[in-house]
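Peer 1: Build the complex: two chains, separate frames, hints provided.
Chains as they are written, first to last, in our numbering: chain A, 1 to 406; chain B, 1 to 503.
Some clues are possibly wrong.
[To be verified] Quick list of in silico lysine-lysine cross-link-like pairs, DSSO-like style, CA-CA up to 30 Å: (1) LYS57/A x LYS276/B; (2) LYS428/B x LYS363/B; (3) LYS80/A x LYS428/B; (4) LYS404/B x LYS90/A; (5) LYS266/A x LYS248/A; (6) LYS80/A x LYS276/B; (7) LYS25/B x LYS127/B; (8) LYS57/A x LYS473/B; (9) LYS497/B x LYS57/A; (10) LYS428/B x LYS276/B; (11) LYS27/A x LYS150/B; (12) LYS492/B x LYS473/B; (13) LYS363/B x LYS32/B; (14) LYS246/B x LYS497/B; (15) LYS404/B x LYS80/A; (16) LYS90/A x LYS428/B; (17) LYS127/B x LYS32/B; (18) LYS80/A x LYS389/B; (19) LYS276/B x LYS14/A; (20) LYS150/B x LYS14/A; (21) LYS14/A x LYS127/B; (22) LYS150/B x LYS473/B; (23) LYS90/A x LYS492/B; (24) LYS57/A x LYS119/A; (25) LYS482/B x LYS57/A; (26) LYS346/A x LYS266/A; (27) LYS119/A x LYS248/A; (28) LYS246/B x LYS206/B.
Hints listed in this document are in silico derivations from the structure and should not be mistaken for laboratory results. Keep in mind that this is a model prediction, so the values were computed, not measured.
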Amino acid sequence: MSMIIDRRLNDRNKNASNRQRFIRRYKAQLRRSVADIVADRSITDMSRGGEVGIPVKDISEPKFRVGRGGDREMVHPGNKEFTTGDRIAKPPSGGGGGSGSGEGQGEEGQDNFMFTLSKEEFMNLFFDDLELPRLARNVLGDSKQFTYRRAGYTPSGVPANLSVPRSLQNAMARRIALRAPLNRELAELKAGAGSAEDIAALEKRIERIPFLDEYDLRFRHRVKEPKPISRAVMFCLMDVSASMSEQKKDLAKRFFTLLYLFLSRKYEHVELVFIRHTSNAEEVDEHAFFHDPQTGGTVVMSALNLMIEILEDRYSPSQWNIYGAQVSDGDAFGSDPQRSAMRLSKDILPQCRYFAYVEIPDSTSSITPLAAAYSQIRDTAFAMSTVMDRGDVYPVLRELFQKETA
Amino acid sequence: MRSLKDSVLSRGGDWDFELLQRYDKEIGIIAKEFGLDTYPNQIEVIASEQMLDAYASVGLPISYAHWSYGKEFIQNEEAYRRGQRGLAYELVINSDPCIAYLMEDNSMPMQALVIAHACYGHNSFFKGNYLFRQWTSADAIVDYMVFARKYIFECEQRYGEDRVEETLDACHALMDHGVDRFHRPSPLSAEDELQRQHEREEHAWKQYDDIWRTLPHKRDDGANVKKKKRIFPPEPQENLLYFIEKYSPTLEPWQREIVRIVRKLAQYFYPQGLTKVMNEGWATFWHYTLLNSMYDRGLVDDGFMFEILQSHTNVVMQPGFDHPGYSGINPYALGFAMMRDIRRICEEPDDEDREWFPDIVDKDWRDVLDFAMRNYKDESFIAQYLSPKLIREFHLFAIADAHKADHLRVEAIHNEEGYREVRRLLSKQYNRDVLVPDIQIVRYEHMGDRSLVLRYNRLRERPLTDDATEVLKHLSRLWGFKVTMEVFEEGKGVVDKTEVSPA
Numbered sequence: 001m002s003m004i005i006d007r008r009l010n011d012r013n014k015n016a017s018n019r020q021r022f023i024r025r026y027k028a029q030l031r032r033s034v035a036d037i038v039a040d041r042s043i044t045d046m047s048r049g050g051e052v053g054i055p056v057k058d059i060s061e062p063k064f065r066v067g068r069g070g071d072r073e074m075v076h077p078g079n080k081e082f083t084t085g086d087r088i089a090k091p092p093s094g095g096g097g098g099s100g101s102g103e104g105q106g107e108e109g110q111d112n113f114m115f116t117l118s119k120e121e122f123m124n125l126f127f128d129d130l131e132l133p134r135l136a137r138n139v140l141g142d143s144k145q146f147t148y149r150r151a152g153y154t155p156s157g158v159p160a161n162l163s164v165p166r167s168l169q170n171a172m173a174r175r176i177a178l179r180a181p182l183n184r185e186l187a188e189l190k191a192g193a194g195s196a197e198d199i200a201a202l203e204k205r206i207e208r209i210p211f212l213d214e215y216d217l218r219f220r221h222r223v224k225e226p227k228p229i230s231r232a233v234m235f236c237l238m239d240v241s242a243s244m245s246e247q248k249k250d251l252a253k254r255f256f257t258l259l260y261l262f263l264s265r266k267y268e269h270v271e272l273v274f275i276r277h278t279s280n281a282e283e284v285d286e287h288a289f290f291h292d293p294q295t296g297g298t299v300v301m302s303a304l305n306l307m308i309e310i311l312e313d314r315y316s317p318s319q320w321n322i323y324g325a326q327v328s329d330g331d332a333f334g335s336d337p338q339r340s341a342m343r344l345s346k347d348i349l350p351q352c353r354y355f356a357y358v359e360i361p362d363s364t365s366s367i368t369p370l371a372a373a374y375s376q377i378r379d380t381a382f383a384m385s386t387v388m389d390r391g392d393v394y395p396v397l398r399e400l401f402q403k404e405t406a
Numbered sequence: 001m002r003s004l005k006d007s008v009l010s011r012g013g014d015w016d017f018e019l020l021q022r023y024d025k026e027i028g029i030i031a032k033e034f035g036l037d038t039y040p041n042q043i044e045v046i047a048s049e050q051m052l053d054a055y056a057s058v059g060l061p062i063s064y065a066h067w068s069y070g071k072e073f074i075q076n077e078e079a080y081r082r083g084q085r086g087l088a089y090e091l092v093i094n095s096d097p098c099i100a101y102l103m104e105d106n107s108m109p110m111q112a113l114v115i116a117h118a119c120y121g122h123n124s125f126f127k128g129n130y131l132f133r134q135w136t137s138a139d140a141i142v143d144y145m146v147f148a149r150k151y152i153f154e155c156e157q158r159y160g161e162d163r164v165e166e167t168l169d170a171c172h173a174l175m176d177h178g179v180d181r182f183h184r185p186s187p188l189s190a191e192d193e194l195q196r197q198h199e200r201e202e203h204a205w206k207q208y209d210d211i212w213r214t215l216p217h218k219r220d221d222g223a224n225v226k227k228k229k230r231i232f233p234p235e236p237q238e239n240l241l242y243f244i245e246k247y248s249p250t251l252e253p254w255q256r257e258i259v260r261i262v263r264k265l266a267q268y269f270y271p272q273g274l275t276k277v278m279n280e281g282w283a284t285f286w287h288y289t290l291l292n293s294m295y296d297r298g299l300v301d302d303g304f305m306f307e308i309l310q311s312h313t314n315v316v317m318q319p320g321f322d323h324p325g326y327s328g329i330n331p332y333a334l335g336f337a338m339m340r341d342i343r344r345i346c347e348e349p350d351d352e353d354r355e356w357f358p359d360i361v362d363k364d365w366r367d368v369l370d371f372a373m374r375n376y377k378d379e380s381f382i383a384q385y386l387s388p389k390l391i392r393e394f395h396l397f398a399i400a401d402a403h404k405a406d407h408l409r410v411e412a413i414h415n416e417e418g419y420r421e422v423r424r425l426l427s428k429q430y431n432r433d434v435l436v437p438d439i440q441i442v443r444y445e446h447m448g449d450r451s452l453v454l455r456y457n458r459l460r461e462r463p464l465t466d467d468a469t470e471v472l473k474h475l476s477r478l479w480g481f482k483v484t485m486e487v488f489e490e491g492k493g494v495v496d497k498t499e500v501s502p503a
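One chain only, chain B, in its complex shape (with noise of 0.2 Å):
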């Protein structure tokens, strides 16, 4: 059907399965040009019905059965059915290959701005980043879910929904506290899984021998206690539900394995919050680019490009902070302004960004953003890369409040004094430990009462909300005993306490 001169790939809206191909080939070739290092890709057309499916399951092509994935669903879908809400055109999920979701009721160009999207933005960047990296494993995700949803279903036909229900919950409950930050957890495999499952459970049940019961208790004597008082766990613990897999007086076999599914998956999760601005600036930095050159080279035609510009204009759209429509800053629009930015940083710097930027400018911008996708945070990314020209477009602005003042402060502007100060805070606004609060394990009195003693790190008296007394009823119930937070504050120590024991 193509003419020697016509090059278009398509016209109108219609796409098949044959256009589908020919557009991932294109812009696939164009994404090797730009040096795009991605999983290989397996694309899957879905309907809505799906793809409110796939929201529901977190984002997980296959995931356990629990009531609040229900409760998620019907949410959707009755926003959906009522028309409050649209469906997003795509879905991806971070594994190898990446499984991406396509809408049946998408035109073929908005196919094509996902195809661009998801296959080449997000792919190479879940590929490439470090945090993505160091703790997902994408090639075991999918796998590791198989065996978690059976493990599950297994766990309720022995002991019955209800129980293995209560253990989800307060799982869920504690799901941001199952991470750890600090160290490279150890890669998933869905086979050693079960392996190591089965080994441990065969070891205990090796072990056990009745005749030890028989045996008459040592007695101690006065100094083999006070040896063994010792504080436990010498370090503070801040991966919470890990501690409760190791050290629960109480829980069952099963429910550890049940703590340790949801702590795989926090973990699993937890890239994807810290890179929200990032993750979706360059995909959709990548889908602007890609299908910009695919136009340049006569791939697309003129109606091709006005419904992809119209669409991309309305992702990236940033109302500001008395639009009745604000809720926050969009990611969309903060991270392609900033990519966009660096690019024109590297290629048109004026003397500010001489002054601001002396190390990237009049580089190769595919190096730049190759290595600020690879080695960045949204927190430190902004902290980086955010230019004065960006927070004047953006008229960003920070204000302070203060509890115990009457007014709100306006802390700076977009002015030379309030440049550095701004993107300061906007930095500090991605900080993990804004939305989840700082809460570690400091004592288990595992040679007393057993109760364990929580700490709540409180930065500059910004207290938690009551939804924690509810989360310390689930945590005790998976401890079996009493448990205590205290709330602590830099310089003025303890100052309050909850104590919850289990029912």
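So that you can see chain A by itself, here it is in the shape it has in the complex (with noise of 0.2 Å):
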């Protein structure tokens, strides 16, 4: 008699470390490719897998085979029109001539492995790309997040939950109120002439009841809540001047990806604006905030009096937690810097969560005029930062998240 079992509700991710272990030994060509997957997404849509491709010759396994080549014969099925002796001429290699192994050779022709990252291992290796610390990632990483709320006591939980108070007060209850009917038989019999052996059964009884039994204990109860649905709005300030090469603009992307993503986890709802400016300022989509290219010069004012206007005309502060980032090369010309520092710290910081500056400049060795201006503001909602490389970028974010998270 066979068995028939029913495996359908095992473990279903057996491969699940296997699988890990192989994105782990491809670390590299996958953050290849998860970097070009950066490059033409967007912003908001960044927390997506994604589909990645390693080169087949780098994840075969190498065996001793026998190759083309030597002599051999073959023999194939569906003969239709060739008699012995017949010469055919040679298949160009690769083609359908056959070896033995027939199999596997269509697979030649696509010299990619491709497969699709889950969310969560398509923005680990985003992470790592940008070098982002463990804390940072949790912070990230969580889709929900939520608190714990006391709500009274419940009869069952773990030991380290358990109310002392409330479950001796719960005995305390259940032993007056067993012993009350017992004590008044007592007294009954004690009264009248009850037989002392009826007296002693009943003190006996009395005894008997528990200090403390099972059904008193109480434990805290918690139970768990998502975070206060709130929305926020970030605006991101670009110079997109000719000075500002692709490559700035990539780093400019990361930079604006991670603080989105930091804030679509803290907040249900996130706009995002998108100002980007020259000698004026204008507000355009995505697309064209990354993509179009500019010329023009640089003023800086017209940048932040834009981000004032949009602020004043649709996120009143009260309603919208506001954050800005703005990245530059830090390239601006007479007393626009220090009048743009002025207009930050009065007009813009006072209404903002946090305002970070990015500059990513064409060599560390000299002070841009915009940093100067810029370094010279005190206050706790600002930070920035300068940017040559990927790694940089999370430093800029870091107090953010060091706060946000403490």
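Peer 2: Quick look at the structure:
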């Protein structure tokens, strides 16, 4: 008799660890793929999985195998017209001539091993790229954040949550309640002429009432609640004058993405406003923001003015959490940097929860006018940093993360 | 629910566990009547994701962790998700009890097909065929894999994932060369294995005495050296993994154990590669025969049979060489056709059969098939039983591909002069040496630089693929010293040499 077993409820993810090992082994290649995806994906779209490829030859496992060449015979089915002694032109190598291992030839043309990374795997590689510390990863990795709220008491729970006063209170109540009728009976027996035996038995019974019983126990009850819904708006300001190269914009994109990811974990609803500026500022969509080439001078002030205008118009600080992020190569002329710094610290920062300025200069040797002016700003909501490399992106936001995770 | 007239077990595609049980019982009864001898069955119903999991661990219910299984898994999952590839309806494991996986999405007829195919077809093949009997220990494999998984996990904890992975990678590269082809290995037992491994470590530990280190080394005089300088190993050794496990000068005990685990695994899979045509042919023949007898007995209805036959026909389809879907000879098609043909020769022989197979005509087909199943592998099975009729039916033809010639030559076709040649060449095609090159260890310079010399016995100038150097690197990593491979060809001597030193 055969045994039939339903295994459908067993673990379905036996290979998760093997998959992780595979990804770990090919991290370098995968990071390259992820970088490509990051480059042409929208910021709001970043926290999704993605399809990546690894060159097939990188992942093949070597074995001793007999290759093409030498003399051999092969037997094939389906002969229609050939007869012994016929000569057939050799098919071009790689074609259907077929060696003993007929299978797998079709796959030779495909030079990439393509597969889909899950959201978590993708984000991890993305964070690796930015050298994001573990703590920040956890903040970003959680798709939902919950808080625990106390919600009275419950009769079951783990010992750590035992509420001693409550349990003893219950115990006392139970003891009193159970004893009362027995005590009354005892008093009656003692008053009347109850036999000594009965009295002794009753006293014993009273004694047997336990001091603490299992159903006296009460545990502190906690319920998991999602964090309150709130909304935030993130202003992305970027200098798009000719000196901002593609590579600089790519860095900027990573910076904006990181901030966006952070905000979208924290707030239920995050809106993005893209303001680009040369000598005057305009609000654009994301694609234009990152990809449209522009020419012209640089007036930082124009962007800040536009930001204030939009703020007043659409995002009242009483209803929105406001975040700002500015990226520039630091070039500014005349009185513009000083006036911008003033404008920022006077009119914008008081309304902002956080404003980060990232500078991507051509070289680190000299201080740019804008950095010089901004460095005068003393405000806890303001952070600035110079970024030359991807690894530098995170430190700009470090304070923000630290503050929020503390 | 069954009325007296109506003996049909079920109608339609739905199945439940009670029905599976009933079908299994009926199929089991018929199988017994045909004399199929099987291990007890353990039928496990699983979901499609679980099938993907089972694929990845090379068909074993449990295996140690390694990235290559992750790769395999991702590959299958992607292909399945994109609809490029369907999933197998079943997977069966050579174990005692014989574990067969059934997919939950199969319809009732498909489940019955799978039960007949796997639980009675493959199962009886595993139990009966001489290669499986000699090279695998069906009753111990699952326990052994549990042991292996645990052992490798512990190694990872102790020595780090990277070192374990490096060792495993190297072993996997040499896996095909970890089999004793000519003598029967000792049976597996996880318990003994653990015990033995423990004892070996214990012994080394007990024997260790720091004082030996302080003894002055004995000076070798010339005569002594001469006497010791013998070639080692005395006979060429084809089981590379075994040799490494026993003689590697540098491996640590846990690494030897890992080599051993991979070697045991290789040995377990060794018969499967040699009996693909027979094994699949046998199972297909039996699901076809068993289900047809069910139909004859009125246990299943027409709808059931239509579904079975449709699936069966797809399985045994053999596209011609010029068909875009052609990828070599389909083992199901060839195996099934040969099994059926043997039955035909026994039952209704014609003159040709009497001439070609005088010893099996008019015999009981069950005995003849059973004998063939037990005592042959693909190579010998084809050489023995491929009939001219099948060569005609398959339109088989042989072509010669000589690397010096600029044309392929048709050597033989399905005609009177060609039958024997086609049969000989097809049989040779299933020789393991065609796919797995013959590589042996010929010298270990244990008195010299400790290098290892391998010899590739090249056949008719067939070269190795470029991978070979990579494999040699793995080998030298395991060995710890220089590894040389000579390419040797009969009549020409050593024609090429590759040397690899450990990094």
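Peer 1: Provide an ascending list of the numbers of those earlier hints which the structure does not satisfy.
Peer 2: none
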